[in-house]
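Please work from the sequences and hints to get the whole structure.
One-letter residues, chain by chain:
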Amino acid sequence: MRDTIDTLEAQPLGDDHWIAVADFCRVCRLELATIVELAELGVVSPSGSMPAEWRLPATALSRLHVASRLMRDLGVNVSGVALALELLDVQRDLERRLRVLERLTTRGDDL
Amino acid sequence: MEFRDYYQLLGLSRTATDDEIRKAYRKAARKYHPDVSKEANAEEKFKQVQEAYEVLKDREKRAAYDQLGASWREGQQFRPPPDWDSTFHARGGRGRARQPGAGVEIDEEQFSDFFSSLFGDRGMGGGPFRGGTRRPRAGRDQRARLQIDLEEAFRGATQTVELQQPEIRPDGTIETRTKQVRVTIPAGVTDGQQLRLSGQGEASQSGGRPGDLYLEVAIRPHRLYQVNGRDVTLTLPIAPWEAALGGSITVPTLGGSVDMRIPAGAQSGQRLRLRGRGLPGNPPGDQYAQLKVVVPPASTPQARSLYEQMQRELPFDPRAELKG
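Chains as they are written, first to last, in my numbering: chain D, 6 to 116; chain Y, 58 to 381.
What the hints contain is simulated information worked out from the structure, not anything from laboratory work. Possibly wrong hints are sitting among the right ones.
Derived coverage of chain Y by chain D (criterion: at least 3 residues anywhere in the stretch with Cβ under 8 angstroms from a Cβ of chain D; other residues may be distant) [to be verified]:
1) 79 to 92
2) 107 to 113
3) 238 to 246
4) 265 to 279
Among the chain D residues that face chain Y by a calculated CB cut under 10 angstroms, a handful are [claimed, not checked]:
5) ASP78
6) ASN82
7) LEU109
Beta carbons: idealized from backbone N, C-alpha and C, even for Gly.
Structure follows, in structure tokens:
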């Protein structure tokens, strides 16, 4: 059965958008205790005092999705996930800088 | 449809023990996991590995799969036997999301038609009928990656996303419903940013509210620009005399060409900033022009003569710092 609906406006979730930790648990399929551990390791920076009432920036969604997948698919523990995320950030940054530098060293007609 | 040799996919013999299966899965999952792998087609291979493990780790499914016999080969045309046990079917499905046309789909729980023909659309870890509670549960959130061009991120765009969602018929069987959603993407989205479409995820199977659809923006690599958040970097070739003397040159930006001043004595690798010329936002990103001095070839007598004149008359030693 095929169903077409009208054009919908996507809501961009930027760094000024904060989401309740319960929604993070649901969307990223993570236990609250896991998010608390990840926060203790500096992976995410919540606001609020009690973990159940925390709010997290929407920009943490991607990080926690990756954390959730690595834990579920590879059996990585919380400390391992925190390390993996940090190394992935470093890798991405280095790759981006490498691409810029590669463009500097290629011949002009290759641009 | 094509037969999937799950044992071959995980590099196992048909007599593999549960422990051997688990170890083979862990090894293959580490190799192909799309969040960490640099292998070609890692996402596709990872799905195949997950699918193989989903069957082989489950004794009931593995036994059913083994009943098909050992004579099938990977990729061989396949139809389930007419007497195939249908008890695997109608256990509920998982939603799928894809972007028709140019986009790349992402759905970590999407298995092959081969899997569906044998075991239904059941994905990892159970379907919508989780748990025994009668309390209405919200529908599942769905996620997809939305690939767009940098120009679309700059100006905004409209994309169509096709969603396949399970729906329970009145007789209790599951039907997969295909829904197309046209999504307006606002200008200024960044790579990796999440977009939310409230209530566009899977319907609740127990009277709860529908889930949300989350789209992760992936900006395709661009011919000219490197993107970092809202900032973009352009490698800008300049002539040696432009670098030495400075001057005004025309530079492309996402919003159109602008004139930019090159300071006298500029060098290759130097970065110049065009404030606010990156992706729009609050604040907007900047465009960086990374200078690249391009040396013209001495391919004509006149060019050669000019280089020889510089050699004679310029007191310049590029290797002065190397001398003790």
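- Item | Given coverage of the stretch 238 to 246 of chain Y by chain D, checked by CB-CB distance under 8 angstroms (3 or more) | holds (count 8)
- Message: When I compare C-beta atoms, does the stretch 265 to 279 of chain Y have three or more residues closer than 8 angstroms to chain D?
- Response: Answer holds; 4 residues pass the 8 angstroms Cβ test.
- Verify the interface restraint on ASP78 (chain D): the C-beta must sit less than 10 angstroms from at least one C-beta of chain Y. At 5 angstroms from the nearest chain Y Cβ, ASP78 (chain D) passes the 10 angstroms test, so the hint holds.
- Are at least 3 residues of the stretch 79 to 92 of chain Y within less than 8 angstroms of chain D when you compare beta carbons? holds (count 5)
- Task: Grab the minimum C-beta distance from LEU109 (chain D) to chain Y and call the hint holds if it beats 10 angstroms, violated otherwise.
- Result: 5 angstroms, holds
- How about ASN82 (chain D): closest beta carbon in chain Y under 10 angstroms, or not? 14 angstroms, violated
- Message: Please verify the coverage claim for the stretch 107 to 113 of chain Y: does it have three or more residues whose C-beta sits within 8 angstroms of some C-beta in chain D?
- Response: Since 1 is below three, the answer is violated.
Hint violations for this structure: numbers 2 and 6, all remaining hints satisfied.
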